[in-house]
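Engineer: The lines below spell out each chain.
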Amino acid sequence: MHHNPIFIRQLSYAYPDGHEALRDIHLSIAATEKVAIVGANGSGKSTFLLHLNGILLPQTGEVIVGELPVLAKNLRAIRNFVGIVFQNPDDQIFMPTVWEDITFGLVNQGLDKHDLHHRAQHAMYAMGLEPERYAARIAGNLSGGEKKRVAIAGVLAMQPQVLVLDEPSAQLDPRSRRQLINLLANLPLTQLIATHDLDLALELCSRTVVLSHGEIVYDGSTAAVMNDAAFLEKHALEMPLSYRKPYCLLADRPSDRPHPATLGAWESRG
Amino acid sequence: MLLHIGAFQLDVNSQGVSSWHRLAPRTRVLCAILFVFATALTPNARWETWLVYGGGLMSLIVSSRATLSILLKRVAIESSFIGVVLLGTLFREGGTVLWQWGWLQITSEGLVILGSVTVRALLCLLMLNFLVLTTSISALLHALATLKMPPLLIAILASMYRYIGVLIEEFATMRRAAASRNLLNSPRGQRLVLGNMMGSLFIRTYERGERVHYAMLSRGYTGLPCVTEDFQRRSQDIWAIVSLILLLLLGQVVYFL
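These protein sequence lines map, in sequence, to chains A and B.
All letters in the first sequence, in the order written, are residues 1 to 270 by the working numbering.
All letters in the second sequence, in the order written, are residues 1 to 257 by the working numbering.
It is worth saying that the hints were derived from the structure and are not from the lab.
By construction, the Cβ of each residue, glycine as well, lies at the ideal position given by its N, Cα and C atoms.
Please note: incorrect hints may appear among the correct ones.
What the hints assert, rightly or not - Once the Cα atoms are required to be at most 25 Å apart in a straight line, the calculated DMTMM-like pairs of lysine to aspartate or glutamate come out as:
1) Lys148(B) with Asp112(A)
2) Lys234(A) with Glu20(A)
3) Lys148(B) with Asp11(B)
4) Lys73(A) with Glu62(A)
5) Lys73(A) with Glu210(B)
6) Lys113(A) with Glu210(B)
To be verified - Per the computed footprint, the stretches of chain A lying under chain B, defined by three or more beta-carbons under 8 Å from a beta-carbon of chain B, are:
7) 93-103
8) 151-158
Please take these sequences and the hints and turn them into a complete structure.
Structural biologist: Dropping the structure here:
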């Protein structure tokens, strides 16, 4: 595994209508690090994620994945290196049956039949999908939670070094969400998780990047930023529910003041 | 096939056990294509030939224990669509005039053509519906791939099969939302709302198509789908093709006896 799988410098991106989705993004992510990308709707999270495996190419600045810059000539290697799980599994599961969908990426990788079966089955077991029961199922007839697991299995089967998830807990019931959190917590991969579910971010990621209007406004400890109600509110976010539980003693109440780590991060950004 | 897609279980009898089910999907598709071509290319008024073909097809349907009620229901729905075309053949000129009203006339020639086209259409529909009823869609698509059908066309068919259900669901959701706001109470309102829903569905389809394409690209798609199916020729498949060709020839010979 590469020690510093993602390095981004001065990345900016504007859509054809002139809307500036990303502005001057600098980011470096270390191997096996789990990073939450949070921000309001339209803050640029999805646009940012699409740059990580070259669906969108940088207009200015550069994105380096492993040792390869995200350029058209490197896309094949980059897409094997970074796996993206999209928000809506119906967008991601495009083949008629579960087996065909999970093996789609493997077929494109040119694997032989034996390796293809082995990797697809391994990914299915990892996601709690028994191949005997699920392989022949029609993708459209699965439940929301099953679809999500199939979508992740399809990406895991490609054995990426970096796993990028866009709103992984959206449309999941509490039990499926808990299973997903447990699974992601035990996956020894570099993970970038774009989410509005701040409890999930708090549980999984030690580091959080907050995007607002296409800019990084915070990059640091998850615990620190989740404790800072004023900062979160300023960027159209809220403290996680787990931080807002009733308390018995005044000494246990959530702090109104920003966490010192957060203040430090602000000051360092000038 | 797409007319019944709302039912979602197209291949109701695909798990059956019979000599037909034991054939490779590719052989089944090949048999269906041969049968359809032989039926469609037989000249008009060869009733004996079609009787032989129909007999062969019925014995196949019965021996493979296909659910007749579903098969006939599907053929009936599709026949209603081709009914207009069939009716057009009735008013051909030529032969004895049997009935006339102004310029509209039914002739003996028209009746023969109507009968011939109807028999042909029914036999072809029965064969194709029987194929879809007894073979899973994914096996059918793989069979088409091994028969060298253009991969892009197969990818389009696969996407249609995968997403038409999603579209139907989205349409139903929009319809429920409109009904819950009392927007479907008058016929005029219905037309207006349904028109807008169609437009909205079209835009959503376009956007979804873009997102699906992103998902495909991120899993290494380069423009053409790869086909992994390897086909092994087995004796039963060869026998099936030979038997079918013999039946088709018998049908042609019977006409001259």
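Engineer: If a hint holds in the structure, say so; if it does not, say that too.
Structural biologist: The hints, checked one at a time:
Taking the CA atoms of Lys148(B) and Asp112(A), the gap is near 21 Å; set against the 25 Å cutoff, the hint holds. For the hint pairing Lys234(A) with Glu20(A), the CA-to-CA distance comes to about 20 Å; that is within 25 Å, so the pair holds. Straight-line distance between C-alpha atoms of Lys148(B) and Asp11(B) comes to about 23 Å, which keeps the hinted pair within the 25 Å bound. With a CA separation close to 14 Å, the supplied pair Lys73(A) and Glu62(A) stays within the 25 Å bound.
A hinted pair counts as satisfied when its Cα atoms are at most 25 Å apart, and Lys73(A) with Glu210(B) qualifies at roughly 22 Å. Of the pairs offered as hints, the one joining Lys113(A) and Glu210(B) is violated, with about 30 Å between alpha carbons and a cut-off of 25 Å exceeded. Counting residues of the stretch 93-103 of chain A whose C-beta sits closer than 8 Å to any C-beta of chain B gives 7, which meets the bar of three, so the coverage hint holds. Check on the stretch 151-158 of chain A: 3 of its residues sit with their Cβ under 8 Å from a Cβ of chain B, so the three-residue criterion for coverage holds.
Of the numbered hints given earlier, the model fails hint 6 alone.
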